[in-house]
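Asker: With chain A's structure known, arrange chain B on it following the hints.
Protein chains in written order, with our numbering: chain A, 1 to 112; chain B, 1 to 114.
Treat the hints with caution; some may be incorrect.
To give a feel for the contact side, a few chain A residues facing chain B, derived at Cβ under 7 Å [as the list claims (entries may be wrong)]:
(1) 26
(2) 29
(3) 32
(4) 34
(5) 39
(6) 42
(7) 44
(8) 46
(9) 93
(10) 95
(11) 96
(12) 98
(13) 100
(14) 102
(15) 105
To give an idea of the chain A side of the interface with chain B (calculated C-beta under 10 Å), a few residues [what the hints assert, rightly or not]:
(16) 33
(17) 36
(18) 38
(19) 43
(20) 45
(21) 49
(22) 51
(23) 76
(24) 79
(25) 83
(26) 107
Simulated from the structure, these hints should not be mistaken for laboratory data. C-beta: ideal position from N, C-alpha, C; glycine also.
So the chains spell out like this:
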Amino acid sequence: GESVGLHLPTLSVQEGDNSIINCAYSNSASDYFIWYKQESGKGPQFIIDIRSNMDKRQGQRVTVLLNKTVKHLSLQIAATQPGDSAVYFCAENRRGYQKVTFGTGTKLQVIP
Amino acid sequence: GAGVSQSPSNKVTEKGKDVELRCDPISGHTALYWYRQSLGQGLEFLIYFQGNSAPDKSGLPSDRFSAERTGGSVSTLTIQRTQQEDSAVYLCASSLANSGNTIYFGEGSWLTVV
Chain A
1 GESVGLHLPT LSVQEGDNSI INCAYSNSAS DYFIWYKQES GKGPQFIIDI RSNMDKRQGQ
61 RVTVLLNKTV KHLSLQIAAT QPGDSAVYFC AENRRGYQKV TFGTGTKLQV IP
Chain B
1 GAGVSQSPSN KVTEKGKDVE LRCDPISGHT ALYWYRQSLG QGLEFLIYFQ GNSAPDKSGL
61 PSDRFSAERT GGSVSTLTIQ RTQQEDSAVY LCASSLANSG NTIYFGEGSW LTVV
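So here's chain A without its partners, still in its complex pose (with noise of 0.2 Å):
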């Protein structure tokens, strides 16, 4: 069955305020956590990932946080525009296997 899952298929955010995703995983054997973004029409693209010994990451408006203590991942999205209306999808690489498994996607919606 699936390793990861996300909490909520879709998500709405006024423009300009802060987005969270969040998603729970089950194998306490992933090495890495990615988020992916998928815009409509194209393939996911990459956004960030976490290592599974790290519990913060930050990119470019993008903060990834990890803890493993309940299993649970988030994807924090600063100041939200409408360019980051999206699916995104949580996915992890779990130690030893080059596969990556995803779960089902969250829908951001940006309300201008």
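Answerer: Positioned in the frame of chain A, the structure of chain B alone reads:
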């Protein structure tokens, strides 16, 4: 190439026909992946290549599905005797060896079986 290239971008085929989907990975990427995405769904892993060999083909849904990779570069996903449930976007991705956390996707091949 600059990115992962897939062809055709769109394919409409009749039920029972065979289809071939092609993927040209990023130059120098030794790992290549095929995923399937049904409308509004997540990504379903199909098969992974390291070089020309496929260490993990566990996601192929049936024996109608096969894939090969030649010269450590281009890969072809073949679906024989297509069924309507095969309709989906077939996404190819590639990565450097041992960099499974950072894979780069193509735009996908949209397959519709009528």
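Asker: Look at each hint and say if it fits the structure.
Answerer: Checked hints:
| no. | hint | in the structure |
| --- | --- | --- |
| 1 | 26 | 15 Å, violated |
| 2 | 29 | 13 Å, violated |
| 3 | 32 | 4 Å, holds |
| 4 | 34 | 6 Å, holds |
| 5 | 39 | 10 Å, violated |
| 6 | 42 | 6 Å, holds |
| 7 | 44 | 5 Å, holds |
| 8 | 46 | 6 Å, holds |
| 9 | 93 | 5 Å, holds |
| 10 | 95 | 10 Å, violated |
| 11 | 96 | 10 Å, violated |
| 12 | 98 | 4 Å, holds |
| 13 | 100 | 6 Å, holds |
| 14 | 102 | 4 Å, holds |
| 15 | 105 | 5 Å, holds |
| 16 | 33 | 8 Å, holds |
| 17 | 36 | 8 Å, holds |
| 18 | 38 | 9 Å, holds |
| 19 | 43 | 3 Å, holds |
| 20 | 45 | 7 Å, holds |
| 21 | 49 | 5 Å, holds |
| 22 | 51 | 8 Å, holds |
| 23 | 76 | 19 Å, violated |
| 24 | 79 | 25 Å, violated |
| 25 | 83 | 18 Å, violated |
| 26 | 107 | 9 Å, holds |
Checked against the numbered hints above, the structure violates hints 1, 2, 5, 10, 11, 23, 24 and 25; every other hint is satisfied.
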